[in-house]
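A.B. asks: Residue numbers (the numbering used here), protein chains in the order written: chain E, 1 to 515; chain B, 1 to 406; chain F, 1 to 359.
Everything labelled a hint here was simulated from the structure, so no lab data went into it. Where hints are given, some of them may not hold.
[To be verified] Once the Cα atoms are required to be at most 27 Å apart in a straight line, the calculated DSS-like pairs of lysine-lysine come out as: (1) E:K312 to F:K244; (2) E:K366 to F:K141; (3) E:K312 to F:K141; (4) B:K376 to F:K170.
[As the list claims (entries may be wrong)] Looking from chain B toward chain F, a few residues come up when the C-beta cut is under 8 Å (computed): (5) E80; (6) V84; (7) S86; (8) A90; (9) E91; (10) A93; (11) Y95; (12) L99; (13) E102; (14) D117; (15) I120; (16) H207; (17) A211.
None of these values were measured; they are calculated from a predicted model. Just so it is clear, CB atoms sit at the ideal spot from N, CA and C, and this is done for glycine as well.
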Amino acid sequence: MTTNENYLVEMRGIVKRFPTVTALDSVDFKVRVGEIHALLGENGAGKTTLMRILYGMYRPDAGEIFIEGRKVSIGSPRDALRMGIGMVHQHFMLVDRLTVLENIALFLEGGLRIPFNEIRNKIMELSETYGLKINLDAKIWQLSIGEQQRVEILKTLYRDVRILILDEPTSVLTPLESEDLFKSIKKMANTGKSIILITHRLDEALKASDSITILRKGRVVAADIKPSEASRIDLVSMIVGKVLEFKPKAGEVIKEAKPVLEVDDLRVLDDRGIVAVDGVSFVLREGEILGVAGVAGNGQRELVEAITGLRKVAGGSIKMFGVDVTNSPPNKIIKMSVAHIPEDRLRYGVATELSVSDNLIMKLHKRFSRGVFMDNKAIGKEAERLIQEFEIVTPSANAPVNMISGGNIQKLIIARELSIKPKILIASNPTSGLDVASTNYVHWVFHRLRASGSSILLVSEDLDEILSLSNRIIVMKNGRIVKEFDRNVTVNEIGLAMAAGEAYDERMRNKVSGA
Amino acid sequence: MSIPKISGIMVLLIAIFFAVGVAIGYVAGGWGKVPGYEYGMPVKKLKAGFIYVGPVEDFGWTAAHDQARKHVEKLFPWLETVYVESVEEAEAARYIERLVREEGADIVFTTSYGFMDPTIDVAQRYPDKLFFHCSGFKRRPNSGTYFVDFYQVYYLNGLMAGALTKTGKVGYVAAHPIPEVIRHINAFALGVKEANPEAKVYVRWLHEWYAPELAREAAQALVSIGVDTLAFTEDSTAIVEFAQQQYEQGKQLYVFSHYSPMQNVGPDVVVSGQLVHWEVIYADILMKVALNVYNNTNLENVDYLWMLKEGAVELGGKPGVPVNPKFIDELKNKYLPGKSISAYDAVMNRLALMKEANVPFDPFTGPIMDQNGNIKIQAGQRATIEQLFTEQMNWFVDNIIGSPSG
Amino acid sequence: MMQIRVEKRIVVSKGFNASIRIFTLLLSLVLVGILFAIYGINPLEAYARIFMNAFGSEFGLSETIVKMLPIGLCATGLAIAYKARVLNIGAEGQLILGAMAATWIALYSNIPSSLVGAVMLLAGFAAGALWAAIPAVLKIKLNVNEVITTLMMNYISLELLDYVLTGPWKGPSQRGFPLTDPFPSYARFPLIGGTRIHYYTLILLLVLAIILYVFMSRTRIGYEIKIVGSNPEAARYAGINVSKNILTVMLISGGLAGIAGVGEVAGVQGRLIENISPGYGYTAIIPAWLGGLNPLAALLASFFISGLMVGSDSVQVSLRLRASFVDVFNGMILLFFIGSEILTRYRILIEARGRKIWI
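Pulled out of the complex, with its shape left as it was, chain E reads as follows (with noise of 0.2 Å):
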């Protein structure tokens, strides 16, 4: 069987099933040489699972995958590293002990012997190419999530991949940092290279790519659509079969409501002992969206730990309710209806081998005992109705949560989180992994909670929807709070103080050192 010359990739009627649901049902999906092709849908849609599938790591229930015109059997994810296929997945596999040459050399195939200088100067050499900067003896731990990404992308790199699936890249960048990576891929993509783009985020498709493919419930709705020809609004109806677009109003600065949160002078250490919130404060008042802006990774996340009491706070205080609730076990915290959406929701939002319907009465499984028993009849009533509400999609309130996808995860977390009514809601980075339907739904939901009354501190990376919900807006850069804003201020105002953090950090210690 001959196709096309021009593909590079070709995949025919792929079928994958799982043992609940037919994840792709029939996809036809082709990639030219040297094209950047952007893979859009919905969360479940079975853009990952695809590309699992050309990378080796799932093999499909029917249907043919040809490289360069010539079919081939994908194994394993070593057959496509072979084949020239690589994937950057959304979670790094990287050690992070061993330096960044190290992590890379393990990732080779070969002998005994680790031919290091080689590596070294060819990275050195593909670093320069395609303007991927990276230290390559520093050690994982000590790069930022993009540094890292980098790394994993140098890796397939120096295997000579032709492909590069890029999971969902942007999902833990900041606005610069992805600028950087679209300008990287484009370079690739001028070598020659093919780049799949695995994206909800339409305007990154529509401004990185040559070609989008859409999937929508593990079907193509439109395939090779040039971003040219696309309107925004097109797109979205294909992605999720329905125009849906929640223009959430920013709420006005409230100045006279009493306070609900206050954070006075605190300091929190993270994990390896180093100071990570360094004397912060601010207040919550009732009714009020706080949002806090910054780029990931200075001080939010043990902000955030520190105020729902899953980390030791090292100095100053926090009230909630006029109550001092400094090193609070989080049980207390919890039971001042106070909920919390975590960063890392992994770690913290579930327990992936226990059932949805587990998992969403997590934080009121004691209102939902009855005696020392639990009562199933009513967990499996609240379950269905938060499942229904939130549009969950999984094959059943009794499947395992490690059975339905990161976006729906995400929606359990929320609509777990917004069921214990809460009064204070700690959210970091609600929507991220949404997709658009669901994001919106998502602030609609935190809007109704404001307008009840509720406060939330909303913890996140992306600007736009910290603009178009706060009342007022922090920035925090160095565990510290640099700048405050209320609601009438632009990205680029936002974005500067984030970038001139840096600066003002520096005149501040300038300034107490002079003191």
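Please arrange chains B and F on chain E, whose structure you already have, making use of the hints.
C.D. replies: Relative to chain E, chains B and F alone:
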């Protein structure tokens, strides 16, 4: 305490059965015609089961029992045997019951002290079957006991040890502080004292029956305080190997092997030792069972305690070699203090006396003093069975350094 | 050239799981069968005998149950602990402590004879639980790894047992051997006629397994334990007291092992002996996992493991093979069965001369 306690009626019965057996055999004309057939006509086929505490190649306790089992199986064409090895105490009852219930064994020998209660329990539940427990003291109409004892041989070992030691320090590496081991140490010490009244016996406890590493360390420790002669109660050849190594490095130690033939392991160091012949007891019991002398009504008082006289134990580190020829000259040149008899001759004389039917010599003949200077056995008297074989045996002879309580 | 690779399986169905297990079991039987054949024994006959010896005769079945009692008690408790990801390796020591507590009650206390049985069980539970509480507290307060502490506590308990048997509890009528005197008859558990099954313990085991099953699947504490086991960070986040749950599972598993010890002294041996347990506490780890950490399934797995052990008597007794062969036989079958666990999570690719075989 040499003949099993059998009543007069029993003796009569034995005679009658023997007579009947011989008569039938003669009439049948089979006498001498069946190969290996030497002990009369079998009444029926007999199946005997053996429960061992260790593996059959343990080169010690269990190996000796298993060799005896093979011996009697060959000896009696009407006998079939089955064994189970490496049986833990906690599981003994199941194996015993399995042998009588599932394997059709007529008689089961259980060869570890820890099997005593399980043996009695199963015996109670299978009153038609016969049981013999080795080294215990509980009996029933269908369950007897048997044992051998080495104290006579240990005494002879002690005589040689006392004669050979140059430093006057003799070591004894011992397993558990129980009457049996204490009795053996005392008998050994009595021998040492007789050959060399100045010498001391240094005792080290292992609290293990089988512990080659510990035994080796203990021997090393003893040698480091000047001991040049070693005896032991431990079921491995570790100490003999240790002594042979020392010899090869130029240091002559004298060792008395324990229970198994170990002279080949230490040809230059093993002087003598103790050997066991369980087959003598097994043959006797099985023959009597085959002839229905023993049955499920009369074992309540059957308690074998066989020694040199019955041939159940032997002096030596190798069967048929009471003293390693390498050391005979040295022993012949050494006279017992104040006597005109050489150590070698003394050993041989007393060995002969203890083999005689009325056993005219016993090592535990008073006066014997303990470590605190108390008279334990009055002058001219022999120790009683109770003194030797019960908890009363909890003292050390006065030339022993160490504690009898471990 | 042949290449073998191992890769993670992404999705596993229940049917696949079951067939993998059956396949590996058959594979182990074939391999052991070859060993039997080498020794000149018809493997089918051998397996028939092993099966009959374990389950097919009244005696075999009763002995399988006798063995299942301690293993099952330990395994159901361990299943709960492991469900909470508390890796208690100390059931052996907890069993010994339970046996010691029962011995003290039976021989040295002045409790009225009609109450002795019940008090022995309570004391055994308490002793096993307390012995397990030590590593639990060390884990909670000092974050000491419980695998190491529970294992070390086993050695301490063995030394303690050795001490009491060679010292203060050495029976005056035992001629210096390290045994206690026999328990008085009122301190012995009654047996089912003609067998050695001490039915107090049997009833207790069945009831406890059901209670634990309900406890894990229906109660609030069971729910919390499952969350703690699946993701302790998430449990903390959800306001669940992780320390309390760790202590709870350690007390339960230790207590059950303690009861197993009571059963052994009062039901089987009738006294305390040095090897009161031929490794029941360690053996029980296997059925706990084989049963998928479900108490009822762990009990069922204990029954089969016990059957395997009792049945393999026949390897020695009727097939006349050496005792070490029994260990090989048991070891192979268990190894394969545990190995199947890995096959359910990873797939193996054998590539030779261009052909690929997936397992």
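A.B. asks: Now tell me, hint by hint, if it's right for this structure.
C.D. replies: Results for each hint:
1. For the hint pairing E:K312 with F:K244, the CA-to-CA distance comes to about 19 Å; that is within 27 Å, so the pair holds.
2. Taking the CA atoms of E:K366 and F:K141, the gap is about 26 Å. The hint holds against a cut of 27 Å.
3. A hinted pair counts as satisfied when its Cα atoms are at most 27 Å apart, and E:K312 with F:K141 qualifies at roughly 16 Å.
4. With a C-alpha separation of about 24 Å, the suggested pairing of B:K376 with F:K170 holds against the 27 Å cut-off.
5. Because the closest C-beta pair between B:E80 and chain F is about 11 Å apart, greater than 8 Å, the hint is violated.
6. For B:V84, the shortest C-beta to C-beta distance to chain F is roughly 5 Å, which falls under 8 Å, so the interface hint holds.
7. Contact between B:S86 and chain F, as hinted, is supported at the beta carbon level, the nearest pair being about 4 Å apart and thus within 8 Å.
8. Hint on B:A90 holds. Least Cβ distance to chain F is approximately 5 Å, under the 8 Å limit.
9. With a cut of 8 Å, the hint placing B:E91 at the interface with chain F holds, because the nearest CB-to-CB distance is about 6 Å.
10. Nearest Cβ of chain F to the Cβ of B:A93: about 6 Å, under the 8 Å cut. The hint holds.
11. Satisfaction of the interface hint for B:Y95 is found here, the shortest Cβ-Cβ separation to chain F being roughly 7 Å, below the 8 Å cut-off.
12. The beta carbon of B:L99 is positioned within 8 Å of a beta carbon in chain F (closest approach about 7 Å), and the interface hint is therefore held.
13. At about 6 Å, the closest approach between the beta carbon of B:E102 and any beta carbon in chain F falls short of 8 Å, and the interface hint on this residue holds.
14. Interface restraint check: B:D117 against chain F, minimum CB-CB distance 7 Å, threshold 8 Å, status holds.
15. The beta carbon of B:I120 is not positioned within 8 Å of any beta carbon in chain F (closest approach about 10 Å), and the interface hint is therefore violated.
16. The interface hint given for B:H207 holds, since its Cβ lies 7 Å from the closest Cβ of chain F, which is under the 8 Å cut-off.
17. This hint is violated: B:A211 has a C-beta 13 Å from the nearest C-beta of chain F, more than the 8 Å allowed.
When the structure is compared with the earlier hints, violations turn up for hints 5, 15, 17 and for no others.
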